[in-house]
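Undergrad: Protein chains in written order, with the working numbering: chain L, 1 to 446; chain F, 447 to 892; chain X, 893 to 1338.
Hints listed in this document are in silico derivations from the structure and should not be mistaken for laboratory results.
There could be a bad hint or two in this list.
As the list claims (entries may be wrong) - List time: in silico DSBU-like cross-link candidates among lysine-lysine, alpha-carbon distance up to 30 Å:
| hint | chain 1 | residue 1 | chain 2 | residue 2 |
| --- | --- | --- | --- | --- |
| 1 | L | Lys370 | X | Lys1002 |
| 2 | L | Lys408 | X | Lys1262 |
| 3 | F | Lys605 | X | Lys1262 |
| 4 | L | Lys159 | F | Lys816 |
| 5 | L | Lys408 | X | Lys1171 |
| 6 | L | Lys424 | X | Lys1132 |
| 7 | F | Lys556 | X | Lys1316 |
| 8 | X | Lys1104 | L | Lys408 |
| 9 | X | Lys1316 | F | Lys686 |
| 10 | X | Lys1002 | L | Lys384 |
| 11 | X | Lys1035 | X | Lys1051 |
| 12 | X | Lys1300 | F | Lys686 |
| 13 | F | Lys516 | X | Lys1262 |
| 14 | L | Lys70 | F | Lys816 |
| 15 | X | Lys1300 | F | Lys683 |
| 16 | F | Lys686 | X | Lys1262 |
| 17 | L | Lys240 | F | Lys816 |
| 18 | X | Lys1300 | L | Lys370 |
| 19 | L | Lys279 | F | Lys854 |
| 20 | X | Lys1316 | F | Lys683 |
| 21 | F | Lys605 | F | Lys516 |
| 22 | F | Lys556 | F | Lys532 |
| 23 | X | Lys1262 | F | Lys556 |
| 24 | L | Lys110 | F | Lys830 |
| 25 | F | Lys816 | L | Lys110 |
| 26 | X | Lys1316 | L | Lys408 |
| 27 | F | Lys854 | L | Lys408 |
| 28 | F | Lys686 | L | Lys240 |
| 29 | F | Lys870 | L | Lys237 |
| 30 | L | Lys424 | X | Lys1129 |
| 31 | F | Lys686 | L | Lys237 |
Said to hold, decoys possible - Some chain L residues near chain F, calculated using beta-carbon distances under 8 Å:
| hint | residue |
| --- | --- |
| 32 | Phe59 |
| 33 | Trp61 |
| 34 | Val125 |
| 35 | Ser127 |
| 36 | Val169 |
| 37 | Gly172 |
| 38 | Gln299 |
| 39 | Pro303 |
| 40 | Ile305 |
Virtual Cβ for every residue (Gly too), placed ideally from N, Cα, C.
Okay, here's what each chain looks like letter by letter:
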Amino acid sequence: MKIKHDECTISQDMYYLMERLFPICRSITGDGVRITLNILKELIPEIAINEVPSGTQCFDWTVPDEWNIKDAYIITPTGEKIADFKVSNLHVVNYSEPVDRSLTLEELNKHLYSLPELPHAIPYVTSYYYRRWGFCLTDQQRKQLQPGNYRVYIDSALKAGSLTYGELVIPGETREEIFLSTYVCHPSMANNELSGPVVTTFLALWLMSLPKRRYTYRIVFIPETIGSIVYLSQHHKELKQNVYAGFNITCVGDQQTFSYLPSRQGNTISDRVARHVLKHIFPNYLEYTFRDRGSDERQYCSPGIDLPMASVMRSKYGTYPEYHTSLDNLNFVTPEGLSGSYTALLHCLQCLEFNQILHTQCYGEPQLGKRGLYPTIGVRNPQKRLRDMMDVLAYSDGNHDLLSIAEKIETPLWELITLVNTLKEHNLLNENKYHNSTMTVMNEYV
Amino acid sequence: MKIKHDECTISQDMYYLMERLFPICRSITGDGVRITLNILKELIPEIAINEVPSGTQCFDWTVPDEWNIKDAYIITPTGEKIADFKVSNLHVVNYSEPVDRSLTLEELNKHLYSLPELPHAIPYVTSYYYRRWGFCLTDQQRKQLQPGNYRVYIDSALKAGSLTYGELVIPGETREEIFLSTYVCHPSMANNELSGPVVTTFLALWLMSLPKRRYTYRIVFIPETIGSIVYLSQHHKELKQNVYAGFNITCVGDQQTFSYLPSRQGNTISDRVARHVLKHIFPNYLEYTFRDRGSDERQYCSPGIDLPMASVMRSKYGTYPEYHTSLDNLNFVTPEGLSGSYTALLHCLQCLEFNQILHTQCYGEPQLGKRGLYPTIGVRNPQKRLRDMMDVLAYSDGNHDLLSIAEKIETPLWELITLVNTLKEHNLLNENKYHNSTMTVMNEYV
Amino acid sequence: MKIKHDECTISQDMYYLMERLFPICRSITGDGVRITLNILKELIPEIAINEVPSGTQCFDWTVPDEWNIKDAYIITPTGEKIADFKVSNLHVVNYSEPVDRSLTLEELNKHLYSLPELPHAIPYVTSYYYRRWGFCLTDQQRKQLQPGNYRVYIDSALKAGSLTYGELVIPGETREEIFLSTYVCHPSMANNELSGPVVTTFLALWLMSLPKRRYTYRIVFIPETIGSIVYLSQHHKELKQNVYAGFNITCVGDQQTFSYLPSRQGNTISDRVARHVLKHIFPNYLEYTFRDRGSDERQYCSPGIDLPMASVMRSKYGTYPEYHTSLDNLNFVTPEGLSGSYTALLHCLQCLEFNQILHTQCYGEPQLGKRGLYPTIGVRNPQKRLRDMMDVLAYSDGNHDLLSIAEKIETPLWELITLVNTLKEHNLLNENKYHNSTMTVMNEYV
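This is chain L alone, in the form it adopts within the complex (with noise of 0.2 Å):
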């Protein structure tokens, strides 16, 4: 697969790229995790894949035995066969233990998972830490099986081996850095979850395009949870050493809201930057609180770690009726939601990137008429262009970051970038060059 980087075709390659990865079976460990890191490396060679064996010890967890599985279905009395794990990997429990024998309808039934509420959905239903075996199937199909004699079968493996995943450095001026966590470990659903890895992979070829960086990158394509918890284990003092800023990525996929999860603290930069980017490009957001979370900001900002992690998301997990289900699918997503998620999460990096503590250069105001920065006629309504950049002149005493003037200003940041460029060309004003400990301390200015 070849994509190009022209930005009007960037959705419909997303898309592609969805299309591809979505049949793929994954889990928490096994070789749908690999497959898709595969196909991530295609578009990105640097990204590096990890193996971490199981029985590690990570924290208060172990990593499990890896899950396998090629097979699986159901026999009915009348010899059909259903369930059948080649039509959907929905069919299995995510971590089913193998089986194969014959029982009766009502023994059946204990191993079975559909919802009345939703009778031609089939749910998604893991059992990762007990051992288990089980089907889903959608309510109505269930409804339809009569009595009599069934066989189940399936052909999965459960044994030592190792949990997968991906990490992507990409180096940047200083060594702080922006965090961005994504997961792989969700079988054939779109928007949670598949969006999340397609979104962050090509926010990282826009990344890796950029002539130069602020700040260094670090990238993860993990299973959701127990890859986390495994990430920190490994990496919790560098990334609390570095990181600055981050986004877990997820439920980017469809076109329906947009919404937003703060990290613990609440105000952290991440926030102040995913804020002040969903006020502009979709008024009407949703903000969540950190108690509705549900996916890795549970550990990355959980007490001792506290990394900065917020979540910019279109429909968020547990929140539409489609979600952990198969209609949770190809056509829930679409690539201008995909595209729409891009480009904000792509306004979240260019303010960070961005964001600095300027200093004016002069006392009083400075004469732009004799720089051809003001009309050299006084009338009686100043416009409004002239206006911001008399705003950022004022506001920039060394107090304020650039994120707090724009918010002050009503602004997007990125809008301002031309008049900030121009001026410091006119040496009226200057970076602060202090590191980003400073312009977290701003916070209180927002």
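Starting from the known structure of chain L, arrange chains F and X on it as the hints suggest.
TA: Structure of chains F and X alone, referenced to chain L:
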């Protein structure tokens, strides 16, 4: 009198005690206070009764002469005895000097007090620091008085004696104190005031029934204003050093509403606890400001004293029509009203006792499943109870006390006690044993 | 001219002064400013008049050549004299270079300014820093101009000279300063601007009439923008060191509304005082943000200067239709408008002068009764006046300045002066004589 500690009968027991205390003519000094305190001592022999001599200098004040009264009445021109002290001790202006003489209706009227707006009520009038005499009667009765010769008789005594108060210290594991103050100077009125000493007595009995207490409890039964000034003048240094939280207990007898009056600082631990409890047990409670104060918080919260004293009340003094009249009687106060206040204040003390700063004992979320605290199968909607558990773990970072966590997750602190104890038993939570000054710092997180 | 200090006539006296100053053609330099300042000097001989030579470097600016004008007009093809400077000095673009030549209507039109949206108004147009010439006239008149040969004549001079400003220092008990700035550069307009120097002159007369002042007052009468830049470039170090509060006095002549524009910091003592006064005298006042600025606070509040300068105004520049046209005249401004502004600013100065940090001089409430400050009989409802007294005592803890107490108890500070003085006479309150930097800290309590 024998009072059972059975909670089912506690509301009736409080009401019986109120009925027994109601007829006594109390004032800021004199035998009425002593009789009252001795009745409380029957229930709690540990109460110490202290006497402070008349003439003792206390800050800007002086303990006045002691007042005692045996009888008082008016004889009308037709020989009828009215305004009879033995019928209602409100008939005499409290602290009246003795008198025995004849006078005209016109002269008498200068010494009469009634309430045209409440024609059936006898008002409660005092003149502690200026020698006068007077009678209070219903406005209806006053209007029937005919011209003629009246005889007024007050058999009172005003002479050097002492001011009496009761004090009870219930030791705890630390020297830090919870300070409860209530007043015993009002004659026959029920909500303001007899409800205070009655409910306080039963809270003391509950505290004494506990196997142990984190805090030491200091409880005073004093006359209002002069009593708190006397007590402060004797103990303010140790109070300032030891008191961690406190409540002024007044107007806790009726069942019309709940209300809250903050400390002067407004956000002490006492205030936080009072708001937390009332929000959960009576969401429509009335919140007053410190400017609406009128009881002993006037002294406890004065500049340089600054004790963290808040008031959890039913109908606040000064706000209900029956206030400071004969209508604030045993009908206005109910067993249910007393018991609701008892429960509210008991929850306040529980919150103080159980509040603590907790630390989650691992990085990342603990694996609750292997401890039987989490379901082994992943489905779409985790339960509220599980979410509370995860939230307590997520916020136990050493920067939030349990009270602020309870506020965040909108659950009464006392409903988290079992959950916290379970997590402690599994070594997932540990208490930070820093003393309370640390906890006070946490106010900012609320 | 003789002006009486009698307050009853002050509104008329201000209006007379305005009438006298109105016809003078002022600009940022030139004799118009000198004549104006000399008239003010008749009232206050202590005003010093300073000259700053053309070419002087001031921060990023240079004092321009001095501009003077004797005459200007246009002769129409029919020989009619229009746009006559002697009829209205607004007819000439302020700072026009000299011209005397003939041209066609088409050529002339490039030098004409009118307002189609206000067809009867002559606009006010300036070109201080770019050499051009031009005429301003009503749009109605402009539309009547017929094609043909026009003669334009401007008898002006632009040459090295100086910029003129007035300065008045009224000494106080401390070196800390209240800084008042107003501008004298506008030609015949009334609200913006002549009202500023007129009201400021009378505030200065009031200040000089006081037996003593806590603060030193520094008052400047300057041309706008370049004048404040000149003044700051000469005095910013001492201003930064000494100025405790300040007001930029502009647009204080009409009676349509009151408005307020904050300092850049937004919560300085000047801002607190301005809001306090306006809330009490005109509750519906308009509150602008610093982004709406347009006068000399642009310089006084610039980064690195950061003076606490707020603006208490009537109809703000730029917001009313008559602004910067011939309609901002002596009908738009009224004696009542001037006098209301005078009172508002006078209250601001009173608040600054009387604001102080007080300490209650005893523990607990003082016994006011024995001092005759409290009724000797206890009844149901204490008076509002008594409650204010108790509240002032309760909050005089050294952490609240009197202004924050006045805010808390919702009473104008100037109505607490007698009460505070009474409590001081009884030695119940004492002033904390720390200097103002301490008081500034108190902002957080408001």
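Undergrad: Among the hints numbered above, which are violated by the structure, and what are their numbers in rising order?
TA: 2, 7, 8, 11, 18, 26, 28, 31, 36, 37
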